[in-house]
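Protein chains in written order, with my numbering: chain X, 1 to 142; chain D, 1001 to 1082.
Incorrect hints may have been included.
With a cut-off of at most 27 Å between alpha-carbon atoms, the simulated BS3-like pairs for lysine-lysine come out as follows [to be verified]: (1) X:K102 with D:K1024; (2) D:K1013 with D:K1024; (3) X:K79 with D:K1024; (4) D:K1010 with D:K1076; (5) D:K1076 with X:K101; (6) X:K101 with D:K1010; (7) X:K102 with D:K1010; (8) X:K102 with D:K1013; (9) D:K1013 with D:K1076; (10) X:K101 with D:K1013; (11) X:K79 with D:K1013; (12) D:K1024 with D:K1076; (13) D:K1076 with X:K79; (14) X:K102 with D:K1076; (15) D:K1061 with D:K1076; (16) D:K1010 with D:K1057; (17) X:K101 with D:K1061.
For the record, the hints were derived by calculation from the structure and aren't laboratory data.
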Amino acid sequence: MSATAAGGPLKLVEPGSRELISEGTVTTDFRYSPISSQGDRYRLRISPVRLSAVVSRGDEGFIARSIELGSLGYGEHPKEALADLIEAIRDYLIVLRDGDKKLVPAVAHHARFVELLDEPEESWFASVDLPGPTSPDASDVA
Amino acid sequence: MPPTWREYRKVIKRNGFRLERSAKHETWIQYDDRGRVRRQTRASHGNAEIRDPRFFKALLKQCGKTEERFYSVLRKGRGSRS
């Protein structure tokens, strides 16, 4: 299984992992170790399943939405909306895990994201689209 | 006047959602007739207004309601799954 992380430069630390570096993006089998320009090192586990989020402007704040789960977060700032989204996702996944829930086919794929609960939140999202000056309204992405 | 979280909870409850978890927010789940998860939505505690219309619109989409249907259910005091 593979995961993709943006950023860089990166150094792979998992034995046997493949190193595919292109424009700051690395594809690895499981783990990677980013190295900042200042030389700091840290490790981050990456879940093999990851989410995408879109943050869009509301009328008074920002709305964060998980594409895969449909979960919603809200905040005065994009970071607050994302943090709120993470709370909403965690609560939903805990319900699925602890209740051993069955899901209708339309949302059956949600079950595979339960394993995110064992991964650091920093690695939950493969991508986060932040609002720009010409970003679509929340109603367009919700 | 913007809807309140209490009104939102009232509508989703009338439409088959069940409160499954109460932490920072509430997690509500709608099940089908076979007990399978059909939809999820979240609600905030308390009775504050959902002041941002776009966020309210996103919530409506999440729980499978139109704004018209939302207020219809709220007024009638009963609803049906959609």
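Here is how each hint holds up against the structure:
1. This hinted pair checks out: X:K102 and D:K1024 have alpha carbons roughly 24 Å apart, not beyond 27 Å.
2. For the proposed pair D:K1013 and D:K1024, the alpha carbon gap of about 19 Å is at most 27 Å, so the pair holds.
3. Of the pairs offered as hints, the one joining X:K79 and D:K1024 holds, with about 17 Å between alpha carbons and a cut-off of 27 Å not exceeded.
4. The hinted pair formed by D:K1010 and D:K1076 meets the criterion: a straight-line CA distance of about 11 Å does not exceed 27 Å.
5. For the suggested pair D:K1076 and X:K101, the alpha carbons sit about 32 Å apart, so the restraint of at most 27 Å is broken.
6. Distance restraint check for X:K101 and D:K1010: the Cα-Cα separation of roughly 24 Å lies within the 27 Å cut-off, and the hinted pair is therefore satisfied.
7. For the hint linking X:K102 to D:K1010, the alpha-carbon distance of about 25 Å falls within 27 Å, and the restraint holds.
8. A threshold of 27 Å between alpha carbons decides the hint, and for X:K102 with D:K1013 the separation of about 20 Å falls inside it, so the pair holds.
9. Of the pairs offered as hints, the one joining D:K1013 and D:K1076 holds, with about 13 Å between alpha carbons and a cut-off of 27 Å not exceeded.
10. A threshold of 27 Å between alpha carbons decides the hint, and for X:K101 with D:K1013 the separation of about 19 Å falls inside it, so the pair holds.
11. A distance of roughly 30 Å separates the Cα atoms of X:K79 and D:K1013; the hinted pair therefore is violated under the 27 Å criterion.
12. Only pairs whose Cα atoms come within 27 Å are accepted, and D:K1024 paired with D:K1076 is rejected, the gap being roughly 30 Å.
13. With a CA separation close to 39 Å, the supplied pair D:K1076 and X:K79 exceeds the 27 Å bound.
14. Distance hint between X:K102 and D:K1076 is unfulfilled; the C-alpha atoms sit about 32 Å from each other, more than 27 Å.
15. Using a Cα cut-off of 27 Å, the hinted pair D:K1061 and D:K1076 holds, with the two alpha carbons roughly 20 Å apart.
16. This hinted pair checks out: D:K1010 and D:K1057 have alpha carbons roughly 17 Å apart, not beyond 27 Å.
17. At roughly 22 Å between alpha-carbon atoms, X:K101 and D:K1061 fall within 27 Å of each other, so this suggested pair holds.
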